[in-house]
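Trainee: Use the sequences and the hints to build the structure in full.
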Amino acid sequence: MPFLKRLGFYLVGLSIGLVFLAFFFKKKSEETGTEFCYLPNCRVLKDLRSKPLNFSDVTKKLMDTREMDSTDIAHFLKEGDIDFKNSDTASEPCKTLYIMAEVKGKEAVMTVRNCEDQVVVENIRR
1 MPFLKRLGFY LVGLSIGLVF LAFFFKKKSE ETGTEFCYLP NCRVLKDLRS KPLNFSDVTK
61 KLMDTREMDS TDIAHFLKEG DIDFKNSDTA SEPCKTLYIM AEVKGKEAVM TVRNCEDQVV
121 VENIRR
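Residues in the sequence shown are numbered consecutively from 1, following my numbering.
Hints are computed from structural coordinates only; laboratory data are not their basis.
Check each hint, because a few of them may be wrong.
To be verified - The list that follows gives simulated cross-link-like pairs (lysine-lysine, PhoX-like), each with its CA atoms no further than 25 Å apart:
(1) Lys27 / Lys60
(2) Lys60 / Lys5
(3) Lys46 / Lys5
(4) Lys61 / Lys106
(5) Lys60 / Lys106
(6) Lys61 / Lys104
(7) Lys95 / Lys51
(8) Lys78 / Lys61
(9) Lys51 / Lys85
(10) Lys104 / Lys78
(11) Lys78 / Lys46
(12) Lys61 / Lys51
(13) Lys95 / Lys78
(14) Lys5 / Lys27
(15) Lys60 / Lys26
(16) Lys106 / Lys85
(17) Lys26 / Lys95
As the list claims (entries may be wrong) - Derived DEER-like restraints, expressed as beta-carbon distance ranges:
(18) Pro2 / Phe84: 51 to 57 Å
(19) Leu4 / Ser50: 20 to 26 Å
(20) Tyr38 / Lys61: 35 to 41 Å
(21) Lys26 / Phe84: 49 to 55 Å
(22) Leu21 / Glu79: 24 to 30 Å
(23) Arg6 / Lys26: 27 to 33 Å
From the three backbone atoms N, C-alpha and C, an ideal C-beta is built for every residue, glycine too.
Mentor: Spelled out as structure tokens, the structure:
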């Protein structure tokens, strides 16, 4: 059998397998809510979402005046971009992170303290 014919069979089989694998993983992640986080931004946001949230007095005041609400904070923790350059990721016991996201049509920055057992939302600036 010539090389090009074998290569063609190989590529057809490979493409069918890749389509099946993509379909299988997509269905599996939708049913179980599993995320595949490989990049640092995704991993840190997933870690923040897994811990209980606490709010500072400043953040509570923002929420009381209806400038921010819990859906905005959830948006930060799901779609935000962490500014690793300005964040203090080496401090102990809590790391200070700056998360940027577009909320209600404006760019905003949320300051978060990531402790071992909780996450404290310190401030949200526009």
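Trainee: Where does the structure disagree with the numbered hints, that is, which hint numbers, in rising order?
Mentor: Checked against the structure, the hints that fail are numbers 1, 2, 3, 14, 15, 17, 19, 21, while the rest are satisfied.
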